[in-house]
Every structure is written in C-alpha cells, then in structure tokens.
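Q: Got chain A; can you put chains B and C on it based on the hints?
Single-letter residue listing:
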Amino acid sequence: MILHTLTSSNFMPYKGKMSIAFPTNKDQNVMLVYGDNMRGKTSLLNALRWVFYGKAVGRHSREIPLFELMNKDAALEGDWSMEVAATFESDGHRYELRRTVNKRAYVATPSRSEDLEVVRAMRKDDIALPEHLIDSEINRFAPEQTSRFFLFDGELLDEYEQLLIDGSEQSKKIKEAIEQALGVPTLIRGRDDAGTILKQAQKQQSLDLQKLGGLEEHANKQKFHQTQIDSIEDDLAELNVRLRSVTEERMALDDDLEKTEALYQAKQKLTDTKAAEYKNEADQAQLNAERLVHIKDAWREIVRPLLTIKREHLHKENTQLTEQMFARNHVVTQIAQLKEAMKSDKCQTCGQSLHEKERAAAGALLGTLESDLLGMKVNQASFNLISSEIQALDKLLKPTNAALIPQLDKQIAKLRVEQTQIGNAIEKLNDIVQGQDTAEIARQRAKRDGLIREATRISEDIKTAQANLDKHEKDLAMISKVLQSLPTARAQKSTQLVNISSALEKIYARSIDRLRNDLKLSVERLASAAFKKLTTQGLYSGLRINSNYGLTILDERGQEVTVRSAGAEQIVALSLIDGLAHAGRSAGPVVMDTPFGRLDPKHRSNILSYLPTTTPQLVLFVHEGEVNRTTDLAGLGSKIGAVYEIQEVSPRHSRIQKVTQ
Amino acid sequence: MTQDPENDMALAALLKAATEVEPDFPTDLLLRSYAIQRKHQFDREDNRETSMQDLKILLDAVVEAQGGTAQ
Amino acid sequence: MNTASEPTSVRLSAKANTILAQMKEDSYLAEMSDGYRLGIALALSQAITPPELPPDSKTFIAVSGLDPEQEIATAIRALVSLEGQSVYRYAERLADWGVMHMHEQFKGGQLDVSALIGNLVKTGS
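These protein sequences, in sequence, are chains A, B and C. At position 581 of the first sequence the residue is numbered 1242 (the numbering used here), and the sequence of numbers has no breaks. At position 66 of the second sequence the residue is numbered 108 (the numbering used here), and the sequence of numbers has no breaks. At position 117 of the third sequence the residue is numbered 121 (the numbering used here), and the sequence of numbers has no breaks.
Extracted from the complex, chain A is given alone in its bound form:
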C-alpha cells in the first residue's frame, strides 16, 4: 500500500483543515515531520489509525473515546463536524477512504460519544464501495492486526521492551498481537472450529448410539463427559471474562496511581518539611529562653568597658599610694635610726663612736628628714577606700554568661533564615498537594493490591478448571477410540464426522506449535540481520529469541550479553519490529516517532540509513530536542521527499505546514 494524501477537519489538535501529501517516489521515500512533543505527532498517527480502523489510541494503547477526538476549540465555537480522509493505492487500484462525524440531529450540544454519529465511505477506482464490503477490502492490504508494525508510535517501542520481561502483563498482550499478525490465529481458529464441530458431532453420536442396542453404556458415558466439558467450558469462559475485567481495572488504577505517585511523594516531603519546621521553632524557642536568662546580666557587659578603665585608674592610684607609704616608712625608719645613733653616740651600722663632725651631720640630716616627713602625709583612709572600691569592682567585673548573647543571636538569626526557607518550601509543596486526598490514594493502592490478588486467585481457578477439562476430554477421546473399533458404531455418519473433525482438530493443534516455532526462528533470523545493521558494536553476532519474542544479544562467542544500555534496548526493539514486519510481510508504509532520545550519534546514523530500505514509504516524526537537523539527518539527505512542521497556535490548536527544503 502506498499512501498519497491525508486530510482532516477538526481532528484532535488540528482545528479546521489539515492536509499532507506523502512522497511517492521510491528513491525519495522519506517524509520528515518536525514538531515538539504534545503538538500533534501522535495525532497524525491517530488520524491514519482512525480513518482506517475507526480507532485512535492514547497511552498504553487505550482507545480514545470518539468525543475526545473532536477539536476542542472548534467544539466551543459550535462546530461539531470532524472528518479524516486518506487517498492511497494498492495492487494497482486507487482508493479514497473517508470517515465523517457529525452531531446527531436531535442533540443540541453533544457531551458524549453517543451524541455523535459516524459515516464511512470508500471509493475504489472512483466507484463507491458498499459499506459492508469496506472492512474486507481494507483487510486485503492493511489488516488491523498488522497495523502495529507500520503505524508505529514511539511509545510502542517501550512496549516492545517489555517483551524482555518474561511473563509480564504487557509481554503477553504483545505476544498475542505479534502472533495475530503472523498468522497463528488462523490456525487457532481452525482448531477451535474443528473442535466445535467435533463436540456437536459427539453429542449427536451419543444420541445415535443410545438407540443402538448394546452401546448405551458408552453413549451414556460419552454424554456425561460432554455435559461436564460444556459446563467447565462455560465456567472457564466466565473466569476469563472476570480475569480480563479485573486486569483492566487494575491497569486503570495503575495509571491513576502513577499520576498520584508524584503527589504522594510531595505529601511525604511535606510531612518531613513540617517536622523540620517544628524542630526549627523548638530550637529557636530554646535559644531564646537561654538568651532571656542571660539578659539579666547583660547590663554588666554594657558597663564593663568603662568599669575596667575605672579599675585601672584606681589600681594606679593605689599603687602610687603604696609607693608613698613605703617611702614614708623608709624615712621614718631612717629618723628612728638617726635618733638612736645620736642618743647612743654610736653608729647604728658599724657600732663605732661618733665624732663631733659626724654628730653634727647626723643632726642636720635628722632635721631634714623630720622636715620631709612633715610633708609626707599618707591618706590611709583613702588607700583603704580605694582598695575596697577595687574589690567591689572586681566582683562586678567577674565574667558572666551574658557575653554569650551575641553568639546566641547569630544562631537564632541563622535559624530564622532557615525558617523562611522551610516556609517557602512548605508553601510550594502545599500548592502541589492541594486538594489531593492521600487517604483516597492509599485506598486506591489497597484496591489495586486486592485486584492483583484476585487476578492470581482467578488464574489458579482457571488452571484447575483447565486440568479438569483436560481429564474429561481425555476420557471422552478414549470412548471415541473404543467406539471406532465397533463396526455398528463406526458406520454411523455421526461417528464418521466425529473421526474427521477429531483428526482435523489434532492437525491444527499441532500446527500451532509448529508455526510458533518456525516463526520464532524466522523472526530471530530477520531481527538478527536488522540488528547487525543497526548496532555499532561489531562483535555482536546476533540476537536470540525467547518464547515471548523477547530478544537477547549474543556476543561473538554466542554468549548472552546480560548488561545492556537503554540505547541498546531500543536498537533491539527496533530490530524485532523490523524482523516481525518482514516475517509478516507487512506491506504498509512505516510511520514512526524518532526513538532517538537514548541513542548516540552513531546508532542514530545507522538507524536513519537502514530504515528507508525496509519500507516503500517512511514517515519520521522528529522532535527538535532529540535530533540535530544538520548532523543526524545528514544521512537521509537525498532520500527526503517531503518535510513538514507542526506548529502550536494554542494549547488546543496545532497547524501543520510544508517546509521547503
């Protein structure tokens, strides 16, 4: 199939008319569409999906309701019309496919999907096809099951990486999708159809045999097992429906919880931050209390400098007085000595008699000294006063804890700054958490966990029922075999039908396993070939596939490479998809999001050189942030047939425009 044009009106963010033309030249088969995330790339993919299959998908491959597809701005203006049309060719025929939505006549303002009606039209070589033939026509060149491999959303890449996690929910679904695309369901249906006919035939056989003499016992046993089988199959059907519903509910909760996880974290952080605020306040209170106690003595610190100076002065004064007192004492002592000498007429020092001259000198000195003494008045009271003053001041000047106040003030100031910061953080967190009911979140979690447990229980029940079923089927088969050997029984038409349908069922059942095995080998071969072209690691010898179509990389010795980078994961997933597309002979154009976020330039270059060779038309959605226009896309160069750019007019309105290269 080769796409020619895609046009739309009011589809998703594309308000009004949108139109793009795909390159149809084999040598220039690449179309680039530039746009940032959330501007409309996925919507282009969805336009294609919707016009072909009536479905548009959002996250986790969940279908987007019809009502949500209509452009919101247009709806606000009262325009409730929406349309997507595609022109393409296949097998030498030209096609035009159109899907139109309008509000139902009796509805004034639509508020849900049921208020809208969808009309589909297809022309083949300009001749209108009847509505009931459109699906089978589409199935001829673009069956929905294989659309996975060409309408390729970047998010899908993450899904494929899930395949590597054996037994995960996602991997089972993807495995089913892959097998569906590769023909396994055809055989499964064959087996199921043959099985249905067999059961009916067996019932008829029981009725027939009951009428034949001597075979009642076998017929009754057969009937018994058939009844049991019917009953168990009904139970199994019910269990499977329940399991699907429980799983879907759980997945929806997972989605919600993911959104609220961030809020939950914020709430936790808020609790911690509030505790920090509380501690800060307590610390401040404690320091302030300490401070208040010390303020009692703060007055001493204020006068300390002056009092210290005063004390120094007093000390000097006292020292002077002390010196004076010593000097006076010295004089007093001298006078005493002289007086004694004159009285005894002997020198007080050497003990010798004094001459007249010496007596006269001593007398003169005595006079001088006595005269001096008269001037040496020492104020003892003053001295005592000063001493006691000094003592009093020393008591005052004893160190106090009030000297710690400046330090405490610094600490308090620091805490105050922290307090402001904490307050700001709390405000921010409150904004995030506002209105979120964490009790509700906890309830959802508990519910989700309960659903997981229930799913496990149901799976166990299914296993048990299946085992039971197998037993009855074995017993039934034994009876069939016995009957086959009996000529009267064998002659019955119902018995012959039983034999034929039983054989057919066996063949189809076996073929399913065969095909799965063959496919795995084939996909492995093709994916390995793709991988070798895409990887930059020359020593890798290829890929090995597991039962879930998960792939492991093999090194040059054929050993599994266990540690892989995110980039390597992407390459492996791309290889798988390419391998699958080739195994399933997917004939469509490949429309994909550039999954380049995690890849280095060399890998990107490899991918961009390889992809255009795998498909007749390649449409690449390019995110400016991921790809460097000049360097990364240089490899595509001459293969680029058309370039478009998605621009945002407003959050609900985007526009796509052709860019001249």
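Watch out, some of these pointers could steer you wrong.
Chain A is faced by these chain B residues, among others (derived, beta-carbon under 8 Å) [as the list claims (entries may be wrong)]: (1) Ala52; (2) Ala55; (3) Leu56; (4) Asp70; (5) Arg74; (6) Tyr76; (7) Gln79; (8) Arg80; (9) Ile99; (10) Gln108.
No lab work stands behind these hints: they were computed from the structure. Note that CB positions come from ideal geometry on N, CA and C, so glycine has one too.
A: For chains B and C alone, kept in the frame of chain A given last:
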C-alpha cells in the same frame, strides 16, 4: 498477510503437522479447510460462526460422500 | 558626711513603664527589671547626665529587688561623681533615660542587646 501461498508459513506448518499426527488425512480436504480459515481470518469476533459453519458444510459433504448410516 | 538618704524604692516614668511592659510582652525581656538595669547601664556607658524624672513617675521596684548586692550602686559610684546625691535617685534618672533611649534606637524592632554590648549604639541626643 502474504499473498503468495508458497510463502505461507501457516500453511507450511499445517501440512507438516498433518504428516506428523495424521498422515492418512486427505491433503485436499486439509487445503480446503485452510482456505476457509484464510477467507475468514480477519472476521470480527461477533462474526465467528461463519467460518465454523463453512467448515461444517465441507465436512458433512465429505461424510456424505463416504456413505455412512444416518440415524 | 553630707550624703543624701537613700530611698527604699526606685521610680519610673509612665512612658518608660509602658515601653518596658511592651518589651516584656514581646519576650525581649524576662522581667521588666532586666530592662531597667539595661537602661541604667546604657546611660552610664554614654556618660549622660540624665534629666529629672517627669512628674508622672511612679514607684517601679524596691531597691532590694533591683540591686540586692548593691552592684548597681557600686557601678554608678565608680563612674559618676555623685557629690552627695543619692545613688538610687540618680539610678532612677539613668534608668528612665536609658529605657527611652533604647526604645528610640530599636523602635518597633528587636531589642538588640548584642549591639548594646558591642557598643554599636551611637550616642543619641
């Protein structure tokens, strides 16, 4: 799906399975049953009965041709 | 000695009283008497000659409560030549001036004792 029957992996698997479990089963009948499945392979789930009915018609015809005793 | 007799209690103007009450309410002081002492100390450190108390002044606290060890008296005597004045009458005037001055300096804001201690307070009037 492929348009070329020679490259049809499902058919190849079916034929191989027949030789393994029911070697006496008529190949022609097998091919005709497969054709029915191919024709209906993309039927919607609510349309499942059609392929089964077509197959029943085919098998009834075969039994009729074999000539058995109807009750 | 012609020293004046000492009063048994000290007074404070109504305005200064209000100021101290507010400071205590705002938790800048544990007791109002702490602020009274701070006022005395501030006035002493500025070597101010304090004015007379205004007529509306009332008894604030007993001397024995304000200055049990007579340390304030010691400090005043050490730094001021009282010339026979009553030391506690002088203390009253110092206190009143000091409290009014503190209020002036830290108007509305926190009583920055650290600044007082660090002599960062500039001389006012």
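Q: Just to be careful: measuring from the Cβ of arginine 74(B) to every Cβ in chain A, is the smallest value less than 8 Å?
A: The hint is violated - arginine 74(B) has no Cβ within 8 Å of chain A, the shortest such distance being about 11 Å.
Q: Does glutamine 79(B) pass the interface hint, meaning its C-beta sits closer than 8 Å to a C-beta of chain A?
A: 5 Å, holds
Q: Hold the hint about leucine 56(B) up to the distance rule: shortest CB distance to chain A must be less than 8 Å.
A: 4 Å, holds
Q: Hint alanine 55(B) vs chain A: min CB-CB distance below 8 Å?
A: At 4 Å from the nearest chain A Cβ, alanine 55(B) passes the 8 Å test, so the hint holds.
Q: Holds or violated: the hint that isoleucine 99(B) contacts chain A, with Cβ atoms closer than 8 Å.
A: For isoleucine 99(B), the interface hint is violated, since the closest Cβ of chain A sits about 10 Å away, which is over 8 Å.
Q: Minimum Cβ distance from glutamine 108(B) to chain A below 8 Å?
A: 6 Å, holds
Q: Does tyrosine 76(B) pass the interface hint, meaning its C-beta sits closer than 8 Å to a C-beta of chain A?
A: Cβ of tyrosine 76(B) sits 7 Å from chain A, so the hint holds.
Q: Taking the closest Cβ pair, is alanine 52(B) under 8 Å from chain A?
A: Check passed: Cβ of alanine 52(B) comes within 4 Å of chain A, closer than 8 Å.
Q: Holds or violated: is the Cβ of arginine 80(B) closer than 8 Å to a Cβ in chain A?
A: Status holds, d = 6 Å.
Q: Does the CB of aspartate 70(B) sit less than 8 Å away from some CB of chain A?
A: 13 Å, violated
The structure is inconsistent with the numbered hints 4, 5, 9, although it conforms to all the rest.
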